[in-house]
Amino acid sequence: MRKEVDSIIQLFPDLEEEIDDLFQIDENFRDMCSDYMLCRSMVLERKNDRNINREEFADMEVLQRSLEEEIRVQLNIKK
Amino acid sequence: MPENVAGKHILPNYSKQEILEELDRILSSDLFSRSSVLSNFLKFIVEETLASRTDSLKEYIIAVNGLGKSANFNPQTNATIRINAGRLRRLLHTYYLEAGMTDPIKIEVIKGSYVPVFRSHIITSKADIQGKSDSPSNTKANTYSRSKLTLAILPFRNLLPSDEYQFFVDGFGEELTRIFSNSEEIAVVAHFSTLKYATHIEDIRIVGADLGVHYVIVGSVKRSATKIRVNVGLVETMNGMQIWSKDYSHDLQKDKTIDIQDQINDDVFALLSGQYGLIINDTVRLVGGEMKQDLQTFDAILWFNLTQITHSEADCILCRKALEKALLKDPNNVMCLIILGDLNLFTYSLGYKTVEDPIAEALKLLDKALSIAPASQFGNITRGWANVYLGKKNEAIEALDYSMQLGPLSPSIKSTLGFAYNCIGEYKRGLVLLKEALNLNPYCPWWCYLGFYFAYYQNGEYEEALHYTQKMKASEDVYIIPLLIAAAKGQLGLILDSKPEVALLNEKFPEILANLKLYLSSFLLDETLVDNIIFSAKKTGVNIT
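The listed protein sequences derive, respectively, from chains A and B. Residues in the first sequence are numbered from 1 upward in steps of one, following UniProt numbering. Residues in the second sequence are numbered from 1 upward in steps of one, following UniProt numbering.
There could be a bad hint or two in this list.
Here are some of the chain B residues that sit facing chain A, going by a computed Cβ distance under 8 angstroms [unchecked claim]:
no.	residue
1	Asn78
2	Gly86
3	Arg157
4	Leu159
5	Thr199
Calculated pairs, DSSO-like style, for lysine-lysine (alpha carbon to alpha carbon, straight line, at most 27 angstroms) [unchecked claim]:
no.	chain 1	residue 1	chain 2	residue 2
6	B	Lys508	A	Lys3
7	B	Lys222	A	Lys3
8	B	Lys471	B	Lys508
9	B	Lys58	B	Lys106
Since the hints were made in silico from the structure, they are not lab data. Backbone N, C-alpha and C define an ideal beta-carbon position, used for all residues, glycine too.
Based on the provided sequences and hints, a complete structural model is requested.
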């Protein structure tokens, strides 16, 4: 769990306190962060793949950005 | 999939067409129109479910048939469907907090399944949530449709860095529910019915509608290096407004956590419960306006709570009508039987118009109430009062003593008992209880100070007694306040100073003054006290025959 929090803090370094707070009390936020980590690992995996399915990869990048945006919105509400 | 299996997900009261209309409302919203992926996802799973094809709701089928992915989509290496399901779940949650707040049906995607669930959305109109309606009578019916105020204690939030004190956090919900379940004025929702809100954070208005409660108690636990901090709040669910909160800070000692919890819980109960606790006070304030005249929807018990504050003759008459009406509908309503009995007794001692034989009538009502609920604390206290009116001191003390064993002693119970003991002539016990009540909740009604007055007056402490009359704020219909001011001033030799009270008494209450001993002796069993009050009041010029 700490690993996921740290990764999200890396993404939004100015919002460490808000991330810590939300992680403790908001199940939706924890889910959101887990989804983001999963999506990011899929994107990273495919970046090194020679036989990459470009369409699938593009979809995943869009999804990663959507999740980033979702997290940002939650953090701004908290802020 | 057979039709009946799919049917499990469809509400019996809603047709497929109505669910499709709800789907359309969601997809037309701003939130969903921004995401074609989530809109297509939701559309596909809802339509498949309505077509009884829930077996097809697997990741691969959703990806290929629902979201147009290629046929070589591999759910083992591609988690986008799982991730989008989570996004969809969260977006639906947001939708129902905002644009979909008034929708009659709620579509949900539960964790661990792609089959949507269709639920009745309990809040049926925005007006219900906001406490507003075009029709005033509608608002009233929605607000006070129950005979009792209802309360839920939500699980407290653990804001501690670890789970070490989880037992402490969990204990609040359970203990407060147990303590409030002893309250006769407030019905409390079972702790287990609220547990889902520990992880599922909802708008309080939705929680209120979901649990059917007027108020919720919320709280959180935090800590610093040496202190543990507990924040407790009371929220009114119709408009989601926080009406009270308090921070408790204690030294962090693990072996004392239960003691800390007991202290906090007792304080919360003392402040919020009882006839003049914050919950009823808040409700009376809310209903004191335009609803006051509408007996159709007004809650008889709340009328009683209002009369406990004002004691005006008009409020007492309206309260009686409301109670009689409530008892016509439900003749075995214990609370209504008891408070109508109590109303008969105190309206008699105040010299108000009442039933022909108020004491006999009160006894009849109390007998019936206590035959249904012999362990009613309020019932036994009122039985004690009835014995006071009958002049039976020992029986009165017995009933009052017994009532103390029947439930927690909230400030309103303590003050009622303290007042009663002082009226009987048991001043020492009465004064202790009154002081305790006042310490727990300083917002006590005027008759508490009346109890103090009797104790100090009989002890010759007339200045102290006079001091308490300044705190008595009741309707101008109440003769006893100017009478007691005049009596205390008479004892202190302040004859000129007592002119306003004397003039008021002589002008407004000649009938009561003609039978003053009878009225005072109806609830004061200490004959010396009654004689002293009459003697001193006479000295100031009050026309007592």
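**Item:** Index of numbered hints that the structure contradicts, given in increasing order
**Value:** The structure conflicts with hint 6 only, although it agrees with all the remaining ones.
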